[in-house]
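Visitor: Take these sequences, add in the hints, and give me the full structure.
If you read the sequences in order, they're chains A and B. Take 0 as the starting number for the first sequence in numbering that gives the first Met the number 0 and just add one per residue. Take 0 as the starting number for the second sequence in numbering that gives the first Met the number 0 and just add one per residue.
Among the chain A residues that face chain B by a calculated CB cut under 8 Å, a handful are:
# : residue
1 : 75
2 : 123
3 : 127
4 : 276
Please keep in mind that the hints were generated in silico from the structure rather than gathered at the bench. All of these numbers come straight from a predicted model, not from anything done at the bench. Even glycine gets a Cβ: it sits at the ideal position worked out from N, Cα and C.
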Amino acid sequence: MHTLARILTVTAGIIACGGVTLPAQWRDVPTRGVPMTPAGTPNLEAPAPKLANGKTPDLSGIWDAEKRPCDEARAPLGCIDGQLGIPVGFRNIASDLQDQKDPNDPTPFQPWAEALIKQRMDDFGKDDPNARCLPQPAPRMWPSFHPQKIIHTQDSVTILHEFMRQYRQIFLDGRPLPKDPEPTFQGYSVGKWEGDTLVVETIGYKENWLDGQGRPLTEQARTIERIRRVNYGNLEVETTIDDPKAYTKPWKTRTIKLALLLNTDLLEYICNENEKSSPHMVGPGGAK
Amino acid sequence: MRHIVVLWLVGLCLASTPVRAHHSFLAEFDPSKPVTLTGPVTKIEWTNPHIFLHIDVKDESGNVTNWAIEMGNPNSLIRLGWTRHAMKVGDVVTVDGSLARDGSNLVNARSVLLDGKKMFAGSSGGTTR
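Guide: Structure follows, in structure tokens:
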């Protein structure tokens, strides 16, 4: 579906849906080196650029997760919080099913994990660490509300996340994974190329939530992300979750699609600047 | 040169589960308890992770209560052209929203109207004041 990526101008589709309208007047500094069409517009379907070696695809750029416009008619509290749309996979990273208790959920839960996610959904996600301004694990960073900037060199990929001003390092210098890493939110990541796909292996996670519904990730987890810059304007990431403590077998997340943002930059986002919501997050039980 | 944003137009009209950038709103607010409040803005917190407006609301008896109005994050609004100058203390606004589950004087904004204009929804349309 990447061929559907388009420069966001006013589109009839968006208007028809009554969803997100228009973009952004944040900075007008043009991105340099963008391939152009004969018509003089950015050619986002041009081939992916290469690193200086002329061979390796260059993943660098500011990327924004695929989003669905918030539908005012279906959002009981309105869309004023989801101005730029809802990232696909933000709530349910396993499948397109959005329903809270879908019997067709393909996630191969261990019994305790299934009970836990049910509890988390029944609680309306009130205990999501993310709501307490704690970072997400790496797979959950891709379907983000906020842009992320990839800086790619021969030996590493560094991802700067606007959300909570986080960074992530993926080492490409051939080092092995550590034997017994100290658990961290993002884990320890090394990557290697398989053709034009960067395959990133990560271990050493802290226990955390994989998505807004609360699929668990444990310290036993090993994730494999397959990252591919499909063309100049599009990036795709598919992650395999191998976490035998929480799941009966490895499973793949849905493919997270990201589109290149041009002529913009990251904004500051300090989650703890004014976090006042947590004390009010009481869930369905009402007052604490 | 206008800022150009590339957007995926996949599933454009599909239903979306209402969620927030930072946390589940259902954990904090009760959509079965809608409320409409009107009053002057007493304070604006243009901050992450959420913008808060504070407004004074007078009831039938003339008693004034200060309410906090929780909104989205400034970054999304900045990218839509809104700025911290879009609203000022003293502006009289009408807020449609839902009450907090814990019974505090806190509302999630579904819409904020100022002089008949819906604020912070979609593009600023050049409204920066």
